[in-house]
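Work out the full structure, taking the sequences as your base and the hints as a guide.
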Amino acid sequence: MCLGVPGKIVEIYQADGLRMGRVDFGGVQREACLEYVPEAQLGDYTVIHVGFAISRLSEEEALMSLEILREIVNLEEETRSDVPGGELA
Amino acid sequence: MKYVSEFRDPVRVERGLEEIRRTITRPWVLMEICGGQTHAIVRSGLDQLLPPEIELVHGPGCPVCVTPLEQIDKALAIASSPEVIFTSYGDMLRVPGSEKDLFGVRAAGGDVRVVYSPLDAVRLAEDHPDRQVVFFAIGFETTAPANAMSVLQAQAKGLKNFSVLVSHVRVPPAIRAILGSPTNRVQGFLAAGHVCAVMGYWEYLSIAESFRTPVVVTGFEPLDIVQGILATVRQLERGRHIAENAYSRAVTEEGNRPAQEIIQRVFKEIDRKWRGIGMIPMSGWGLADEFEAFDAERRFQVEAIAPNESPLCIAGQILQGMKRPHDCSAFGGECTPEHPLGATMVSSEGACAAYYRYGR
Numbered sequence: 107m108c109l110g111v112p113g114k115i116v117e118i119y120q121a122d123g124l125r126m127g128r129v130d131f132g133g134v135q136r137e138a139c140l141e142y143v144p145e146a147q148l149g150d151y152t153v154i155h156v157g158f159a160i161s162r163l164s165e166e167e168a169l170m171s172l173e174i175l176r177e178i179v180n181l182e183e184e185t186r187s188d189v190p191g192g193e194l195a
Numbered sequence: 022m023k024y025v026s027e028f029r030d031p032v033r034v035e036r037g038l039e040e041i042r043r044t045i046t047r048p049w050v051l052m053e054i055c056g057g058q059t060h061a062i063v064r065s066g067l068d069q070l071l072p073p074e075i076e077l078v079h080g081p082g083c084p085v086c087v088t089p090l091e092q093i094d095k096a097l098a099i100a101s102s103p104e105v106i107f108t109s110y111g112d113m114l115r116v117p118g119s120e121k122d123l124f125g126v127r128a129a130g131g132d133v134r135v136v137y138s139p140l141d142a143v144r145l146a147e148d149h150p151d152r153q154v155v156f157f158a159i160g161f162e163t164t165a166p167a168n169a170m171s172v173l174q175a176q177a178k179g180l181k182n183f184s185v186l187v188s189h190v191r192v193p194p195a196i197r198a199i200l201g202s203p204t205n206r207v208q209g210f211l212a213a214g215h216v217c218a219v220m221g222y223w224e225y226l227s228i229a230e231s232f233r234t235p236v237v238v239t240g241f242e243p244l245d246i247v248q249g250i251l252a253t254v255r256q257l258e259r260g261r262h263i264a265e266n267a268y269s270r271a272v273t274e275e276g277n278r279p280a281q282e283i284i285q286r287v288f289k290e291i292d293r294k295w296r297g298i299g300m301i302p303m304s305g306w307g308l309a310d311e312f313e314a315f316d317a318e319r320r321f322q323v324e325a326i327a328p329n330e331s332p333l334c335i336a337g338q339i340l341q342g343m344k345r346p347h348d349c350s351a352f353g354g355e356c357t358p359e360h361p362l363g364a365t366m367v368s369s370e371g372a373c374a375a376y377y378r379y380g381r
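Chains as they are written, first to last, in the working numbering: chain P, 107 to 195; chain S, 22 to 381.
One should not assume that every hint holds.
Keeping only pairs whose Cα atoms sit at most 25 Å apart, straight-line, the calculated SDA-like set for lysine to any residue is [stated by the list, open to error]:
(1) S/Lys181 - P/Glu167
(2) S/Lys23 - P/Glu167
(3) S/Lys23 - P/Leu148
It should be emphasised that the hints constitute simulated quantities derived from the structure, not laboratory data.
Set out below in structure tokens:
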């Protein structure tokens, strides 16, 4: 019940006075209530729990925790040290 | 970015594990509160990859497991009424009550239906004006926004044939109860990421401070769990104790404000009994007075049947991290997912079910 699954919002509409949407989970689409993520837009990823989006996922934060930014920095450093005289440059 | 595969990358997970091995110098006992994380840990084999200094104990964060027997018995009584369509999340159907479970009620002719979202139960009430539709509103903070919205929707639609049997529980009072127990062994907590997505983690700042225990908000993929454990171990090794967020792509300190507002409107804090654990003061939510017309317990006047728990089951001690599934004489023998004696063997979030399924 707490294992919310991330899905991509592919459609947004109003129904019964609620902000609803269709959310794609790797090919399988389901209806979800988007009332609690008013900031979420088409193409955003959200965590869905029992048919309700409870959080819009932040790509920036996701990249941070994947250390992709750090890897890029490391890669740049490695590339630079590969260049003759790069460490001094 | 798909937000799943990246966080299951074995290379990154191994790098995180290596960092934990490098950081740790002595034994530490950590508790993952959430049963969803227990399953993720056992399914991915992290429990066997972590250094032996780390002991993971499994917490009470399994909503199905801690729903008190009295509430299950009330659900069974209501669901047995011929005018009722009883709706529930699927996990609850096999949870043993004193004498039977919801599957048993259905087999005996009761109209018991599984719903994906509580809004489906509201729609059923609209479609069946001649029947009473009851929704079993259980869970932690993660299901509360959805369950609360179903009540508001029923009110907005003027439905007189919809009600909820509420059995909500909250995580922070349980953490305080565990840390305040004289037998507590837990030195650091992995807080449940999706509970915090709803509620934020501001409430854990004072818990970490006053109990001098690290609390790290942790997600559900293997890399999330490794990062949560690493952050906890780093704090412990350095003698620190703060609330920290290792699941920042989904969680902010303040949490989901719109969801919190609806929860506070529909529910009020009440004392709640936890199955196997006992009463924890102000650890639950019940319907606020304004919404008592939607209270199934009032509508159906269910009397609590004297609860009759299996004497063999040690689920309560397992839920508090005092015992492990293997310590139970019934584990895998008299108690299996097909014939569970206790709720921890039923749920996709129960520790016994995880150990059984993944052959621990």
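Okay, the hints, checked on the actual structure:
no.	hint	verdict
1	S/Lys181 - P/Glu167	violated, 45 Å
2	S/Lys23 - P/Glu167	holds, 13 Å
3	S/Lys23 - P/Leu148	holds, 15 Å
When each numbered hint is compared with the structure, a violation occurs for hint 1 only.
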